[in-house]
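Number of protein chains: 2
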Amino acid sequence: MTYSVVKRGSENTADYRLFFKNGNGEIISPWHDIPLRVPGKNNTFNAVVEIPRFTNHKMEISTKDPGNPIKQDTKNGILRFVKNHLPYHGYLWNYGALPQTWENPTHVDSRTNAKGDNDPLDICEIGQRIASRGEVLQVKILGAFALIDEGETDWKIICVNTADPMAARLDDLEDVEKYMPGIVEATRDWFATYKVNDGKPVNQFAFGCKPLHREFALSVIDEAHAFYKKLISDRSNKVLSYGLNSRDYRSAFEQTPPSGSPAALPEDGKSLFPIYFYKLISIYLVDKIWFGHLRPPH
Amino acid sequence: MTYSVVKRGSENTADYRLFFKNGNGEIISPWHDIPLRVPGKNNTFNAVVEIPRFTNHKMEISTKDPGNPIKQDTKNGILRFVKNHLPYHGYLWNYGALPQTWENPTHVDSRTNAKGDNDPLDICEIGQRIASRGEVLQVKILGAFALIDEGETDWKIICVNTADPMAARLDDLEDVEKYMPGIVEATRDWFATYKVNDGKPVNQFAFGCKPLHREFALSVIDEAHAFYKKLISDRSNKVLSYGLNSRDYRSAFEQTPPSGSPAALPEDGKSLFPIYFYKLISIYLVDKIWFGHLRPPH
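Residue numbers (this note's numbering), protein chains in the order written: chain C, 1 to 298; chain H, 1001 to 1298.
Fair warning: there could be bad hints in the mix.
Said to hold, decoys possible - For lysine-lysine, the following PhoX-like pairs were computed, each having C-alpha atoms within a straight-line distance of at most 25 Å:
hint : chain 1 : residue 1 : chain 2 : residue 2
1    : H       : K1064     : H       : K1007
2    : H       : K1064     : C       : K195
3    : H       : K1200     : H       : K1058
4    : H       : K1200     : C       : K178
5    : C       : K178      : C       : K229
6    : H       : K1021     : C       : K178
7    : H       : K1178     : C       : K178
Unchecked claim - Some chain H residues near chain C, calculated using beta-carbon distances under 10 Å:
hint : residue
8    : A1014
9    : G1090
10   : M1180
11   : G1182
12   : T1187
13   : D1189
14   : W1190
To be verified - Using C-beta positions, here's what the derived DEER-type ranges look like:
hint : chain 1 : residue 1 : chain 2 : residue 2 : range
15   : H       : A1263     : C       : P165      : 26 to 34 Å
16   : C       : G182      : H       : A1014     : 31 to 39 Å
17   : H       : A1014     : C       : E215      : 25 to 33 Å
18   : H       : K1021     : C       : N24       : 37 to 45 Å
Don't read these hints as lab results, they were simulated from the structure.
Glycine included, C-beta positions come from ideal geometry on N, C-alpha and C.
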């Protein structure tokens, strides 16, 4: 199945939406209607790109709206942008989500001792190509980090587009270290420090900040898929907030404003470079308290 | 004096030019007509931004054309783009040149044992703001690296926009390490590996790859300024190729094609992400042969 996106509203406004269509032109939910595993392909997963590499707009699948379009996250009514933190520009990979997975916010993960973050599992796709927003990639799973983001478990699954020229050589973390040296450490550093320029502390990881292998990542995915299946089979009221209350996605789509030209980038989206003062605080924390754990042992 | 730029030709073509104007609207040369030091401001230098942070187009002051406009470098007729190399996106700083300086290609630098690269001195401006192409910044000098790029001495002067919120705290390398930790090491890593994705070897540095202090950087600038003054006072034929053969910059300007809409980005400008195979070779070289030198001693 091939998928495509349809823009609604204007970029840089709260109205902006990317709805998904399947190959038959029907509006579908990227969370509920795209299979987790690509049918007929062993160990190949669908992954929905929310934030293309080198961009800052914090876009995500809306778990609350019918059709679950991608929209920009807001905080207190303000559009969210991830600030650049040296030496990175925006996101380091094509970042997105695995369909039909859910990090259960009512379940304390025994491995991380923290509850799930109530979202689909996040992926970092490390291939060469800059994907487009809303693109559905077919990926191989390579590893994971167990990020603890403001007290919630927030697994980050490392994967690569199966169409990438290097994909055939990559099966597990060791291959990534061998063929893309530096990307795993940079990924860890990125997640550790990405909120520091907003004045927040350095993020923590479970497992002594170590990257986790493919088999481990696959078990995390299986678990999140099971949580997802339980979630959608539960016909209590709670489910209503996950965009499943109506399967008439087309009328939800038609009720959104039509596609318009992008609005000007808000000030918050421009002042993207580090406020070094915060970086300074973070480096103090990282170096003095915690970087010993973060650095790889060799 | 304030300066501005006027676009000619179309971006992503060999015709693209940025000419410079002074506050009186006269076409000037950014190399010959902007003073190295800002008049009336102690230790403040003018710096011409050629390549804004996070961009890949290899733009530079043309030393050969009347008026010395900024244009995109070409190699065998093909526009040059710097490939991204993990984890960087394009250039890490606002990159540019110091007016009225020249790295003498006939002089073997006793410190680097290599001749100059026949261009104005390069600068890396590390402030927060993403500057625009052709912007003239007023900067403080903070340090330098002695890059040896394909056998030529190619000094990289580290500086900061005096208008940057952090500028008052920055006077020398130690301050940069303190307030912008990581940027010096990232700068070194960037220059070491930036040609690797084009299949070229890792670049070398003089001085055991160490960053050099402000006083040292200032002496490099003084020397390059002296070479420049000697160059332009030499009225032999050779000088003709440095854009000084005619000071009638306006007619040179008027002979270029008028400003047009950007052309499509060439394929070469799109495939910007690493060919990991090359990165692999480079890492072998860096780790096995040379990274010992590159890593800071602590």
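Review point. Any hints this thing doesn't respect? Which numbers, in order?
Key: 2, 5, 6, 7, 8, 17 and 18
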